[in-house]
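Student: Residues per chain are reported as follows:
Protein chains: 2
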Amino acid sequence: MSERFFLSSAACAGRAVLEGDEARHLVRVLRGKVGDMVRVFDGSGIEWPARVVTIGRDEVTLELGEPTAVAVATTLPLTLAVALPKGERQKWLIEKLTELGVARLVPLVTLRGVAEATPAAIERLRRGVLEACKQSGRNTLMGIGEPRSIAELLRERPDAARMLVADPGAPLLEAAELQPDATAVIALVGPEGGFAAEELAVLEAAGVVRVGLGPHILRVETAAIALAARLT
Amino acid sequence: MSERFFLSSAACAGRAVLEGDEARHLVRVLRGKVGDMVRVFDGSGIEWPARVVTIGRDEVTLELGEPTAVAVATTLPLTLAVALPKGERQKWLIEKLTELGVARLVPLVTLRGVAEATPAAIERLRRGVLEACKQSGRNTLMGIGEPRSIAELLRERPDAARMLVADPGAPLLEAAELQPDATAVIALVGPEGGFAAEELAVLEAAGVVRVGLGPHILRVETAAIALAARLT
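As they're listed, the protein sequences go chains A and B. Read in the working numbering, the first sequence has 98 at position 98, and its numbers run on one by one without any break. Read in the working numbering, the second sequence has 230 at position 230, and its numbers run on one by one without any break.
Think of the hints as simulated: they come from the structure by calculation, not from any bench. Among the clues, some could well be false.
[Claimed, not checked] Interface residues of chain B toward chain A, partial, derived using beta-carbon atoms under 8 Å:
#	residue
1	92
2	96
3	136
4	140
5	215
6	226
7	230
8	232
[To be verified] Okay, the calculated beta carbon distance ranges per label pair:
#	chain 1	residue 1	chain 2	residue 2	range
9	B	9	A	212	31 to 37 Å
10	B	156	A	28	47 to 53 Å
11	A	121	B	155	49 to 55 Å
Cβ atoms here follow ideal geometry from the backbone N, Cα and C, with glycine treated the same way.
Sequences and hints are given; from them, build the entire structure.
Tutor: See the structure below:
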């Protein structure tokens, strides 16, 4: 049985218990039996081979083998703060960022922004996320944050979050530019007309790293999608 | 006038002629006049400042200034062979791949493809490239190749080109997976329904490297755009 099961409770003395949907899936859908070998993981990056020891009504007891090294998520949780483009481009932005696994999108309020993140717009974005999740098999919704200005984002930034800003003139993004001790990345994408001088000054004063995305002038949604593809 | 115009005929003795849509756009839409300064590019990577010298019925003569240095491509030339999606998604694909600096797009003919690359479709793709070039400041046109099957691509592959195929189940793409001695990369993206078993067998037999793009099921154009963002 090559299926992987999620352990929601801790292992103890080499044993662990599958509960709820996971147990029902193993027993009722896959017709698992005592003695069957499966693989389990607990979301922390470790995976075990496991043998079915007992089967109860809504739980399955497993005997765990040696934990195997599992590729830990290779990337950081990514928040994109984007000066929303208009109309169809906004819809595309949501669809692509959801597919690519971005954790959270924050509408970025800028001086030259062209689309306002009204409550109705936010609601539309959330519906777009749900549609894209269903389509792409993604099981965690991409969060849609409340609209934020640069100053607000800086004020609310968690200590260990790395902050980047897409800048047409800057050097290409290298993975090494992400601090190894960062626990999250917040990447900003400005409006079509670019950030205003005072906005750039605030970003620079805060030490936000400027990253380029190649030699051409990218549309807002292209820059956001390219950042997502490179950072997720 | 900050608008950029495409030169479809060669410059001669410091002069060049804008024709057709480009000339009409300059004269009728933008109300260009003799003496106006514009910028022109010929798709080869060079850009000139230019002064309007004469305005005819459907053509404009320009006097060219000094050609300006153009950013040389920093990465491997990338060809994407994509099973074209339909309608709007096709238009988006072209716009984004052009912005991101993909060298060439080849419509990939597959068993489960949904859109045929008719001569009219190819012509529409080429117009999309030109529009995106003008918009994004790109000076070399993205090439649109003739439709090709997997077998044809393999047969025509240059010796030093590295060939990849997007595969939902494969490990994430690492830059290191590109042979350091490769002079070009050809990346394949299959149709929404995936490649057929016989197509996968041909790819495997040819040693084409499978690369993943994260845990979710990506739409055709998302996979192509993500590959472009990672490889250009």
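Student: Hint by hint, note whether the structure agrees.
Tutor: To see whether the hints hold, each was checked on the structure:
A hinted interface residue such as residue 92 of chain B counts as satisfied when its beta carbon comes closer than 8 Å to some beta carbon of chain A; here the least separation is about 6 Å, so the hint holds. Hint on residue 96 of chain B holds. Least Cβ distance to chain A is approximately 5 Å, under the 8 Å limit. With a cut of 8 Å, the hint placing residue 136 of chain B at the interface with chain A holds, because the nearest CB-to-CB distance is about 4 Å. Hint status for residue 140 of chain B: violated, given a least beta-carbon distance of 10 Å to chain A, over 8 Å.
The criterion of a C-beta within 8 Å of any C-beta in chain A is met by residue 215 of chain B, whose closest approach is roughly 7 Å, and the hint holds. Interface hint status for residue 226 of chain B: upheld, as the beta-carbon distance to the closest one in chain A is roughly 4 Å, under 8 Å. Interface restraint check: residue 230 of chain B against chain A, minimum CB-CB distance 6 Å, threshold 8 Å, status holds. Among the interface hints, the one on residue 232 of chain B holds; its C-beta lies about 6 Å from the nearest C-beta in chain A, closer than the 8 Å criterion.
Distance hint check for residue 9 of chain B and residue 212 of chain A: the Cβ-Cβ separation is about 34 Å, which falls inside the suggested range of 31 to 37 Å. The beta-carbon spacing between residue 156 of chain B and residue 28 of chain A, approximately 52 Å, falls within the hinted interval of 47 to 53 Å. Distance hint check: the CB atoms of residue 121 of chain A and residue 155 of chain B are about 50 Å apart, consistent with the given range 49 to 55 Å.
Of the numbered hints listed earlier, the single one contradicted by the structure is hint 4.
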